[in-house]
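Please model the entire structure based on the sequences and the hints provided.
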Amino acid sequence: MSHIKNRFYILRSINFGLLVTILTAISFVFVDLPFFKFTRTMSGYIFWFFENVIDLISDIFDPLNITLISIIFLINIFSIKKTLKTPYKKKIIESKFSTTSETINQTLVYYNLIFYHIIVSILFSGLICHILKFIIGAARPKYFFLEGFERLNHFNLLHKANALPSGHTQAAFTIVMLLIIYINRYKLTLLLIAFLIGISRIFLSMHFFSDIILGAYVGSVGPIITYIFLFKDKFELINFDQVLKPKVFFKLLWYKFFI
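For the sequence shown, counting from 1, position 159 maps to 1319 in this note's numbering; every step adds exactly one.
Worth flagging that the hints you see were computed from the coordinates, not collected in a lab. Remember, predicted model here, so these are calculated numbers, not experimental data. Where a beta carbon is used, it is the ideal one built from N, C-alpha and C, also for glycine. Treat the hints with care, as some may be off.
[What the hints assert, rightly or not] Below, in silico cross-link-like pairs of lysine-lysine (DSS-like), each with a Cα-Cα straight-line distance of 27 Å or less:
| id | residue 1 | residue 2 |
| --- | --- | --- |
| 1 | Lys-1394 | Lys-1347 |
| 2 | Lys-1392 | Lys-1249 |
| 3 | Lys-1245 | Lys-1407 |
| 4 | Lys-1251 | Lys-1392 |
| 5 | Lys-1245 | Lys-1394 |
| 6 | Lys-1241 | Lys-1405 |
| 7 | Lys-1241 | Lys-1416 |
| 8 | Lys-1241 | Lys-1394 |
| 9 | Lys-1242 | Lys-1256 |
| 10 | Lys-1242 | Lys-1411 |
| 11 | Lys-1392 | Lys-1405 |
[Said to hold, decoys possible] Each pair of labels, with its calculated beta carbon distance range:
| id | residue 1 | residue 2 | range |
| --- | --- | --- | --- |
| 12 | Phe-1176 | His-1314 | 21 to 27 Å |
| 13 | Leu-1317 | Tyr-1346 | 34 to 40 Å |
| 14 | Leu-1306 | Glu-1211 | 16 to 22 Å |
| 15 | Asp-1219 | Lys-1302 | 17 to 23 Å |
| 16 | Ile-1235 | Phe-1198 | 46 to 52 Å |
| 17 | Ile-1385 | Ile-1235 | 22 to 28 Å |
| 18 | Phe-1176 | Leu-1318 | 27 to 33 Å |
| 19 | Phe-1410 | Phe-1195 | 41 to 47 Å |
| 20 | Ser-1203 | His-1314 | 34 to 40 Å |
| 21 | Ile-1182 | Tyr-1346 | 28 to 34 Å |
Structure below.
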């Protein structure tokens, strides 16, 4: 079984990548400056919303937080595997959850792959994003307007001049894409949240619209590429009929502490 639907494969196509590149270039030349100036004319309530609500959501779902949570889950999965090697503890767990050790092992392998994929996707997408930032060297709005930075200064490590693509947007779309892959619910709501996080960076004077376009693309394509090339074959080896539902899996993690 593959978590990636056929419609997601377009994201990794060369043609789609070229389309995103063209749209980013068009936005950079024709849209970025007028759109940024237009946002300055909007109501203060909109700025308040992005600064106090959306930016808070962005901080909560920071990639570092998600990575640390994933590592904690991986440690607990490893601990359960170790616990199952003790015969009497294995029998207690099998009895408590009315299942077999084989089913539990399949479940642990499955969720182990998910959390590894989350970590690898975050690292891979973040690495690509920062490499592009360094190569492109695009100035952030407030430094372009207030400090006279050139819009482009290639191969630049300065935070003031590495706006393209947007790291916050990339991170938001990476995490949202992972949620869509594995939860497969609330797609529009999740994408809307990621979009608002991206747009908020314009209102916070940290990015132009072209930064958001490329950041969204890098963030979306990262989990797809890592899944296809590193995890797809491993997931196909799993017997999904023996995988316990998430609710039972979390109960299993909790119960481990009491035996």
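Does the structure break any of the earlier hints, and which numbers would those be? 2 and 4
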